[in-house]
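Residue-level listing of the chains:
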Amino acid sequence: MHAWLSALSFLLVSTLIGVGILAASRAIRVRAKVDSPLKQNTYECGEEPAQVAWMQFHARYYVVALFFVLFDIEAVFLFPWATVLRELGAGAFAAAVTFVLVLMLGWLYALRKEALQWQ
Amino acid sequence: MNGLVHGAVYGGVIASVLLTTIAFGIWFERKFAGRMQSRLGPTIVGPFGLLQSVADVVKLLQKEDIVPRDADRPLFDLAPVLAALFSLGVAAVVPFSPTIIASDLDVGVLYILAVGGLMVIPTFMAGWASNNKFALIGGMRAIAQSVSYGVPLVLAVLVPVILSGTLSVSGIVTYQANHHWFLTWPVFIGVPAFAIYYMAMLAESNRIPFDIPEAESELVAGVTTEYTGAKFTLFYMAEYVHTLVGSAVGAALFLGGWDGPFAPGLHWMVLKTLVLFTVVYWVRWSLLRLRSDQLMVLCWKWLTPIGVLLVLGAAAWVQFVPGGFQ
Numbered sequence: 483m484h485a486w487l488s489a490l491s492f493l494l495v496s497t498l499i500g501v502g503i504l505a506a507s508r509a510i511r512v513r514a515k516v517d518s519p520l521k522q523n524t525y526e527c528g529e530e531p532a533q534v535a536w537m538q539f540h541a542r543y544y545v546v547a548l549f550f551v552l553f554d555i556e557a558v559f560l561f562p563w564a565t566v567l568r569e570l571g572a573g574a575f576a577a578a579v580t581f582v583l584v585l586m587l588g589w590l591y592a593l594r595k596e597a598l599q600w601q
Numbered sequence: 019m020n021g022l023v024h025g026a027v028y029g030g031v032i033a034s035v036l037l038t039t040i041a042f043g044i045w046f047e048r049k050f051a052g053r054m055q056s057r058l059g060p061t062i063v064g065p066f067g068l069l070q071s072v073a074d075v076v077k078l079l080q081k082e083d084i085v086p087r088d089a090d091r092p093l094f095d096l097a098p099v100l101a102a103l104f105s106l107g108v109a110a111v112v113p114f115s116p117t118i119i120a121s122d123l124d125v126g127v128l129y130i131l132a133v134g135g136l137m138v139i140p141t142f143m144a145g146w147a148s149n150n151k152f153a154l155i156g157g158m159r160a161i162a163q164s165v166s167y168g169v170p171l172v173l174a175v176l177v178p179v180i181l182s183g184t185l186s187v188s189g190i191v192t193y194q195a196n197h198h199w200f201l202t203w204p205v206f207i208g209v210p211a212f213a214i215y216y217m218a219m220l221a222e223s224n225r226i227p228f229d230i231p232e233a234e235s236e237l238v239a240g241v242t243t244e245y246t247g248a249k250f251t252l253f254y255m256a257e258y259v260h261t262l263v264g265s266a267v268g269a270a271l272f273l274g275g276w277d278g279p280f281a282p283g284l285h286w287m288v289l290k291t292l293v294l295f296t297v298v299y300w301v302r303w304s305l306l307r308l309r310s311d312q313l314m315v316l317c318w319k320w321l322t323p324i325g326v327l328l329v330l331g332a333a334a335w336v337q338f339v340p341g342g343f344q
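From first to last, the protein sequence lines are chains A and B. Heads up, the first sequence is in this note's numbering, so the first residue is 483 and it goes up one at a time. Heads up, the second sequence is in this note's numbering, so the first residue is 19 and it goes up one at a time.
It is possible that some hints are incorrect.
What the hints assert, rightly or not - DSBU-like cross-link-like pairs, simulated, lysine-lysine; straight-line CA separation at most 30 angstroms:
| id | chain 1 | residue 1 | chain 2 | residue 2 |
| --- | --- | --- | --- | --- |
| 1 | A | 521 | B | 81 |
| 2 | B | 81 | A | 515 |
| 3 | B | 49 | B | 81 |
| 4 | A | 595 | B | 319 |
| 5 | B | 49 | B | 77 |
| 6 | A | 521 | B | 319 |
| 7 | B | 49 | A | 515 |
If you're looking for bench data, these hints aren't it; they were derived computationally from the structure.
Throw the hints in and build the complete structure from the sequences for me.
If you want it as C-alpha cells, here you go:
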C-alpha cells in the first residue's frame, strides 16, 4: 500500500511539473498586439485548409491491431506464470509451452494468410 | 501518509535530476551530432555552448501560444500535460541505487509497461485534437507503431522476470547483483532479449529509426505540427525523458542496475543509463527511418517469434539447468 501511495504522489508531482511549465510560460510569454485571422488557421503549407481533418480514416492495420490484443492477453497470462514458475515446476512449464505453441500456430496461420502484411 | 510524502520528495528530486540531465543531454546530442558531421555544434551560449538548452527553453516559454481556430481546445491543452505525466511517471519504480527509489512496487515491471504504453494516448490525442491532416496521419502512425512494438517489448521484459522470478524492479536488480547480470548469463537469452528491449524502447520513445509519427521530412512535424511555445516544449521534453527513463529501465532489467565493483551503486546506475542514452544518439545520427509497414514486418515477423522463443528458453533455463535454479 505504501508503495502505491508513493507511486500516486510521484504521478501527481509529474503532472505538477507539466502544469507548472505551462503556468510559467503563461507568466512570461508574449502576446501579439494585432492578431491576424490567418494566424489561427490550421497549418496546411500556407494554403487555406481544405475541409477539416476529422474524417473517416482507413486504419489499414486493423487486423494487426486485433493480433496485438490477442498477444497482449497472452502476455497478461504469462506474467503471473513467470513469477511462480520456480515453485510450480515442470507441470507449469509444460502447460505454458502448450499454451504458447497453440498461440504460435495461430501466428503461423496469420502469417500464411498474409494478415500481418500492411494491407 | 508516509508513502505520499516519500513519493513526493523522491519524485521531486528524481524528476528535477532527470530534467536537468536531458537539458545537458540535448546539448551533448547536438555536440555529438556536430562531431559526427564534421562541425562544432553549439558553441556560443556559455562555455562550450553548455547553456544552449537553457537558452532554448527560456526562448520557447516566451513564445506566443497559438491554438488553431478549428482545434479541439480541451484535448489540445491536455495532451502535452499527459505526455509529461506518462514519460516522467515511469521513473517512479526505477531503482537508481539500493535506497534511491520513489516507489518500490511489487509489480514494478507491469507498472513500467502500463505507464510507458500509455504514451501513445497523448500522441494520438494531440494528432486528433489539432484538426490538422499532418497531425492526424502522425497520430494514426503512432497507433500503428504501438501495436507493432508492444508485443516484442512485453516478451523481452518477461525474460528477466522469468529468470529472477519477481515482478519487482528492485527485486530483479538484487537478483542480478547476487547472481549475474542477465546480459552476461545466460548470454544466448540475455543478449537477444536486451536487443529486442532496446529496439522496442526506441520505438516507444519515437526515436530514429522508429520516429515514424514525427517524420519531419514527410509530415512537417507530425503530431506536434500545430504546437507552439510551452506545449511544444512539453512534448519535446517528454520524448527525451521517455528515452532517458527507457535507458534506465534497460540498465535495471538487463545490465544489473546499481550493481558494480569499486564505486557506489548510484554511480554505476547513472553510468549505465548514460551509456544506453548515448547509444540512442549514435543510432539516431547513423540510421535511416523505417516505414510503418517495415516496422510492422520487423516486429511481427521477426521480433515476436524470437521473443516467444526467448521466453520459452528462459523458462526452460530455470526449469532444467541446475545452475539456473539458484
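Tested hints:
{"no.": "1", "hint": "A/521 with B/81", "in the structure": "holds, 14 angstroms"}
{"no.": "2", "hint": "B/81 with A/515", "in the structure": "holds, 14 angstroms"}
{"no.": "3", "hint": "B/49 with B/81", "in the structure": "holds, 25 angstroms"}
{"no.": "4", "hint": "A/595 with B/319", "in the structure": "holds, 13 angstroms"}
{"no.": "5", "hint": "B/49 with B/77", "in the structure": "holds, 20 angstroms"}
{"no.": "6", "hint": "A/521 with B/319", "in the structure": "violated, 46 angstroms"}
{"no.": "7", "hint": "B/49 with A/515", "in the structure": "violated, 38 angstroms"}
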